[in-house]
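Following this note's numbering, the residues of the sequence shown are numbered contiguously, the last one being 209.
None of these hints come from the bench; they were simulated from the model.
Only a predicted model underlies this, so the values are computations on that prediction, with no experimental measurement involved.
Derived DEER-like restraints, expressed as beta-carbon distance ranges:
#1 126 to 168: 29 to 37 Å
#2 125 to 105: 40 to 48 Å
#3 155 to 63: 20 to 28 Å
Glycine included, every Cβ here is placed at the ideal spot set by N, Cα and C.
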Amino acid sequence: MIAIAPAGGADVAAIDALLRSSFARAEEADLVRDLCVAGDMVLMLAAHDEETGALVGTVAFSRMDVAVAGKPIAAVALAPVAVAAAHRQQGVAEALIQAGLDRLEQEGVVLCFVLGDPAFYARFGFDADFARNFASPYAGDYLMALPLQGGLMPCGVREHARHASPFEALSQP
37 MIAIAPAGGA DVAAIDALLR SSFARAEEAD LVRDLCVAGD MVLMLAAHDE
87 ETGALVGTVA FSRMDVAVAG KPIAAVALAP VAVAAAHRQQ GVAEALIQAG
137 LDRLEQEGVV LCFVLGDPAF YARFGFDADF ARNFASPYAG DYLMALPLQG
187 GLMPCGVREH ARHASPFEAL SQP
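With these hints in hand, go ahead and build the complete structure from the sequences.
Below, the structure is given as structure tokens:
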């Protein structure tokens, strides 16, 4: 069994180590650090093995600048999500993502964006059609959005969807 809760100070080193071991490059670990330092991290969840207390997964949601019909929309980016190798294919990533989306919806977030595999993220309701026509350097089939607040997409002209500035350091798609 795993327990999911907001990440705390005691999780910092373990999250950094997990991100560095889960991805081929250190960019994701550096991104999380930079989002935290810049004050752009909205929610970071940690999954711990209830028996051992070990960190087995994490997911991050950061602030975005999004506008529809000339109005700012409360939006976040989901990135990254990581699970320890020994705990993959056991639903940990799905549980982390769903817990985060549920919490963000309760907090009034309107849209969540993700850049990733459509086959994986579609199970949560993410769809590239919701992200289409937003001006973004990540625009395309792998940039997806999920309307929270009952699944209602804000009406009007989609203007821009800008990730927090630490994303600029990542390799472009």
